[in-house]
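**Q** As a plain string of letters, each chain reads:
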Amino acid sequence: MATAPLETLLQGAFPDATELVVEDRTGGGDHFQVTVTSPRFNGLSLLDQHRLVNEALADPLADGTIHELRIRTRGTQ
Amino acid sequence: MSELRETIQQVIENEPVALFMKGTPQFVMCGNSERALRALREAGAPVTAVDILPDPRIRQELSAVSGWPTIPQVFVRGELIGGADIVEELAASGDLERKLEERLGAEYRSEEAGGRVVDVLAA
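Chains as they are written, first to last, in the numbering used here: chain A, 6 to 82; chain B, 14 to 136.
For the record, the hints were derived by calculation from the structure and aren't laboratory data. Ideal placement from N, C-alpha and C gives every residue a C-beta, glycine not left out. A couple of the hints might just be wrong.
[Unchecked claim] If you want the ones that stay clear, here's a sample from chain B, every Cβ over 12 Å from chain A, calculated:
{"hint": "1", "residue": "Gln-22"}
{"hint": "2", "residue": "Phe-40"}
{"hint": "3", "residue": "Glu-101"}
{"hint": "4", "residue": "Glu-110"}
{"hint": "5", "residue": "Leu-134"}
[Stated by the list, open to error] Not everything, but these chain A residues come out facing chain B in the computed CB check (under 10 Å):
{"hint": "6", "residue": "Gly-32"}
{"hint": "7", "residue": "Thr-70"}
{"hint": "8", "residue": "Arg-77"}
{"hint": "9", "residue": "Thr-81"}
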């Protein structure tokens, strides 16, 4: 999978993100690094921040399109 | 509840630090599992590892219990801490050691650095 479909899913989940980057870490289309900065993360634990990202990417995670996912999230405060 | 799910729940609840991973500490099969294991070891955590690879049901049951979709998963005294990225971030900020101390006591550092492995299928 290219990075664009994942970006679309994340943009849908975090429309107010100030930073939203999806990188294909290996070029193989299944190891991704996702970086999201959004006010939605403000006040949330890292666990809950990552939970929101996992939920946004639930389908590609469940069907194996994403083999390995690295997540970096930040609030805006 | 299935027997396997019950066994997984017991590991989560009873082990000081449970790491559900791909492979074993001696033979890690995935980069994220390796990162989580390394961060836990550097913090001195007494790691109990469960290999999820021998049977796909282990991962299914684990995610049903934890509500977390990816591997690895780290629990401290029954509390889900997160996957490799969270454990690494917590380790870098010192929060991981603080959490281990808070949940396991100041003397939590494992004397047995190798940790142990639990086979949830054999239980």
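**Q** For this structure, which hints from the list above don't hold up?
**A** 3, 6, 7, 9
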